[in-house]
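Novice: If you're matching them up, the sequences are chains A and B in order.
Just remember that our numbering sits 180 ahead of the position in the first sequence, which is counted from 1.
Just remember that our numbering sits 180 ahead of the position in the second sequence, which is counted from 1.
Just so you know, the hints here were simulated from the structure itself, not pulled from any lab data.
Note that beta-carbon positions come from the ideal geometry of N, C-alpha and C, so glycine has one too.
Wrong hints could be hidden among the right ones.
[Unchecked claim] Stretch by stretch, here's where chain A covers chain B in the computed footprint (C-beta under 8 Å, at least three residues): (1) 220-231; (2) 470-476.
[Said to hold, decoys possible] Calculated lysine to any residue pairs in the SDA-like style (CA-CA distance at most 20 Å, straight line): (3) A:Lys267 / A:Ala243; (4) A:Lys267 / B:Met520; (5) B:Lys267 / B:Glu297; (6) B:Lys338 / B:Pro383; (7) A:Lys300 / A:Gly202; (8) B:Lys267 / A:Met520.
Read off the chains here:
Protein chains: 2
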Amino acid sequence: MSVTYPRGFRACGISAGLRHNGNPDLALIVNDGLIQSAAGVLTSNRVFAAPVAWCREALAGGAVHALVANSACANACTGPEGLADTKAEAGLVAELEGCQQGEVLVASTGIIGQRLEMDKMLPGIRVAHAGLAVGGVADDATSRAIMTTDTRPKTSEKEFHGVRFGGIAKGAGMLAPQLATMLVFITTDAVVDSEQLQEALAPAADITFSRVDSDACMSTNDTVIVMASGASGITLSPEQLREALTAVSGDLARQLVADAEGAHHDVLIQVTGASSTDAAVAVAREVSRSNLVKTAIAGDDPNWGRILSAVGCVPESVAPFDPDLVNVSLNGVTICRGGMIGEDRELVDMTPREVHIDIDLAAGDASGHIWTNDLTHEYVEENSAYTS
Amino acid sequence: MSVTYPRGFRACGISAGLRHNGNPDLALIVNDGLIQSAAGVLTSNRVFAAPVAWCREALAGGAVHALVANSACANACTGPEGLADTKAEAGLVAELEGCQQGEVLVASTGIIGQRLEMDKMLPGIRVAHAGLAVGGVADDATSRAIMTTDTRPKTSEKEFHGVRFGGIAKGAGMLAPQLATMLVFITTDAVVDSEQLQEALAPAADITFSRVDSDACMSTNDTVIVMASGASGITLSPEQLREALTAVSGDLARQLVADAEGAHHDVLIQVTGASSTDAAVAVAREVSRSNLVKTAIAGDDPNWGRILSAVGCVPESVAPFDPDLVNVSLNGVTICRGGMIGEDRELVDMTPREVHIDIDLAAGDASGHIWTNDLTHEYVEENSAYTS
Chain A
181 MSVTYPRGFR ACGISAGLRH NGNPDLALIV NDGLIQSAAG VLTSNRVFAA PVAWCREALA
241 GGAVHALVAN SACANACTGP EGLADTKAEA GLVAELEGCQ QGEVLVASTG IIGQRLEMDK
301 MLPGIRVAHA GLAVGGVADD ATSRAIMTTD TRPKTSEKEF HGVRFGGIAK GAGMLAPQLA
361 TMLVFITTDA VVDSEQLQEA LAPAADITFS RVDSDACMST NDTVIVMASG ASGITLSPEQ
421 LREALTAVSG DLARQLVADA EGAHHDVLIQ VTGASSTDAA VAVAREVSRS NLVKTAIAGD
481 DPNWGRILSA VGCVPESVAP FDPDLVNVSL NGVTICRGGM IGEDRELVDM TPREVHIDID
541 LAAGDASGHI WTNDLTHEYV EENSAYTS
Chain B
181 MSVTYPRGFR ACGISAGLRH NGNPDLALIV NDGLIQSAAG VLTSNRVFAA PVAWCREALA
241 GGAVHALVAN SACANACTGP EGLADTKAEA GLVAELEGCQ QGEVLVASTG IIGQRLEMDK
301 MLPGIRVAHA GLAVGGVADD ATSRAIMTTD TRPKTSEKEF HGVRFGGIAK GAGMLAPQLA
361 TMLVFITTDA VVDSEQLQEA LAPAADITFS RVDSDACMST NDTVIVMASG ASGITLSPEQ
421 LREALTAVSG DLARQLVADA EGAHHDVLIQ VTGASSTDAA VAVAREVSRS NLVKTAIAGD
481 DPNWGRILSA VGCVPESVAP FDPDLVNVSL NGVTICRGGM IGEDRELVDM TPREVHIDID
541 LAAGDASGHI WTNDLTHEYV EENSAYTS
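The following block holds chain A by itself, in its conformation from the complex (with noise of 0.2 Å):
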C-alpha cells in the first residue's frame, strides 16, 4: 500500500495506451475525506509544462479532491493547447466525482514537445475512476503508473502518532537534474489545513528531494504534492508534521537514488566545517555536477584530485574557505589532508553500492549533503539511445 494506506483515499493506475509497452501510465488519486487539504513544491524552471502552471493555480485555491497523473508525456512546451487538455483533464475528473474543476490536480512526465493523446488521456480518465479502491492491484499499478524510465517502483508508508502517510515516487534521471522529472504524491489522514501543511512540506522538501544532485535546475514538470484527508481524526503539531513529512520524504528521495539511470553507485557527498548550510550545499552541489568525479566512481577510481578540483571551483562568496586547510574522505578514508596528498590510495575501498565523500573545508561548524550517482555507460545508453 501506498497512497491509500491513510485512510481517506482511493487510488487506481490504469493503462491508458500513452505507453507503448502496454505498462500502466496513468493514475488517479482521491480524496475522500472531509478535508481535502493540499500542499506543493513545483518547479522553479522558467520552462514550465502546462499541468505544473495549473496546480500552482490550483492549489491557490486552498481545495484539493483530486489528483490525475499520465506517463509517457510531459505535456511541456505545448503551448495554449496543452494547457486546454490539462483542464479538460481536470474538468473530467470534476464532473466524475462533482467537485470543481479548480480541486483537481494534473502532473505528467515524459517527453517534452509534443502534445497528450487526449483521444486515449480521457476515456483512460473513466477506467481509472471506475476503478478507484483501497490498495491492491489498485494501488500498486498506481505507483507504477508514474514510472518512465524507473526500473521500479518507489512507494512508502509511515505511521506517526497515530496518524498515516503513504506515498509514491517516480523519477530516475538523477544523473541529470535538469530533466530528471520528480514526481511525488504524498498522502496522510492527519487533520491539517493547507497552510500548515505548506509550511511542513517546504523545509521537509528542501532537505530531501532538493538535495538529490541539484535544486538549482529542476525539470519543466517536477511537482511534489501532499493531500490530507483529516480521516484520522488527529492533529500533529508543526514539529511532528514536518518530521513525519521529511521521514516520507526521506525515504523516497533515497529510493530515486538508488534506481537512477544506469548507476552503479549511490554517493553520498556530505560536507562539513562550513560557514553555513548554503556554503556546503553549494561545494556538494559542485562536486555532484563533475562528470570527471562521476565517471571516476564508475570506474572505482578513488580520484580526489578531481574532487579537490571541483571544490575549488565554487567562488569564494559563496563558501569561504582555505583549500590548503581541507580534508577529503573517500569511504571513510582520508586521502587528502590539508589539500594535499593524505593515506594511500589504495586503502579505499569502492566496492560497496554506497559510496561516502566527506569533504571537511574547515571554514566554520555548518554542513549539508547531496546525494547523486556515477555517470556510467548504461546513463549514456539509456539517454542517447531513446529520446526521453
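Starting from the known structure of chain A, arrange chain B on it as the hints suggest.
Specialist: Okay, now just chain B, sitting in the frame of chain A:
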C-alpha cells in the same frame, strides 16, 4: 612549425620518461629575442597547481625568457614540496640559459595529487636544452610533449602584416571543463611590451578558449601564455595584435573541441536576441552543461525539449527573456518556435560532425556562443577506466 615559426624562438620536446608509453612529455621553449615580453591567462580555480602559482609570480616580473612544461603529472595539490619542485625546474633552466629563475615559466598537466618525478624531470630539462632548435623534429615534439589524452597535437601558425605567430595547445576533456587542463603556448616576433601583450591576450582568450564549454570552472592547471621576441622589428597596433591573437587562439580552441575525449559531435551553441553578451553566454553555457542534451546529440536525437528545459534553468536575473518567445534551431531547422513545437524534428540532419544549436531569446540584440561536445560511451570509458 609552431612555436618556432616566429623568429627568435627555439624549442624542443623530449621524452623524460614521465609518460609510461615513451611519448614526449617535456617541452622547453626559449625566447632568444631582444624583447622578452610575456602575458598569461591562468586558471581561476581556487585549487591551483604549483606551476600556476609560480607563473603568477613570474609574469608579474614582466620579463620571460623561457618556458618549461610537462605532461603526465599536474603537480597540483602537492603543497610546499610541489612548489619547490617547480622552482627547481625554473632554476635549472635559468642556470642553463644564464637568465634569472623568475624569467622561466613552468606548466604541468596530468594527474592531480602526485609529486613530479624530479629524478626524471631535471635530467630531461638538460636533454631538451641540448636539443633546442628551430623547426623540424624538435618543434614537432614540443607540441606532442604536452599531450595527455589528446589524440593529436594542436598547432597553429599565422602571419599578420609581416609579424609571425605560432602556437601549440593541449586539452581533450572539453566535456568536463572542471578538469580539462588547457595548456596553450603562443609565440610571436612582434615588437610589444608585456603590458600591451596582456591587454591583447585577455579579450582574445575570453572569446576563444573561455568559450569552449565553460569559463566558469577551470582546472587546477589551465595556462595560456604568450611570449614575444620582437625579432620581426614590427609593431602592430593594439587592434591588429588583438585580432591576430584572437585568430591564433580561435584556431587552437577549435582544434581542442575537435579532439575532445570520445566526442562524436562538435557542438556550436549560438545564442542571439539576448539582452547582453553575458546573458547570451550564460544561456549557451547552461545548455552546454546539460548531460541530457549531450547524450541526446550523441544519439543523433534532435531533442529540443531537453535544450529548452536547460534554457529555462537560467535565472531571470542572469538572462531576462520570455520562454514563450524562444526559438530553437538545430542544424538550420527551427524545431521549436515561440517555446512550442515548430518544424518537424524528422527534418533535422544529425549526421554531420558539427552540430549547430541556434537559440533566439527574442529579448535584445546581443549574442554569444559556447563550443561543446556530445557525451558518449567513449567519454565515460576514457574517464572511468584510467586514472587521469
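Novice: Verify the proposed pairing of Lys300 of chain A with Gly202 of chain A, using a straight-line Cα cut of 20 Å.
Specialist: 13 Å, holds
Novice: CA of Lys338 of chain B to CA of Pro383 of chain B, is that 20 Å or under?
Specialist: Cα-Cα ~19 Å, so holds.
Novice: Would you check the hint for Lys267 of chain B and Met520 of chain A, treating anything up to 20 Å between C-alpha atoms as holding?
Specialist: It holds: about 18 Å lies between the C-alpha atoms, which stays within 20 Å.
Novice: Would you check chain A against the stretch 220-231 of chain B, counting CB to CB pairs closer than 8 Å, and say if three or more residues qualify?
Specialist: holds (count 4)
Novice: For a C-alpha distance cap of 20 Å, please report whether Lys267 of chain A and Ala243 of chain A respect it.
Specialist: Status holds; Cα separation ~16 Å.
Novice: Three residues or more, CB to CB closer than 8 Å: is that satisfied between the stretch 470-476 of chain B and chain A?
Specialist: It holds, with 5 qualifying residues against the three required.
Novice: Take a quick look at whether Lys267 of chain A and Met520 of chain B sit within 20 Å of each other, Cα to Cα.
Specialist: 18 Å, holds
Novice: CA of Lys267 of chain B to CA of Glu297 of chain B, is that 20 Å or under?
Specialist: The hint holds at about 14 Å.
Violation of the numbered hints given earlier is absent; every hint is satisfied by the structure.
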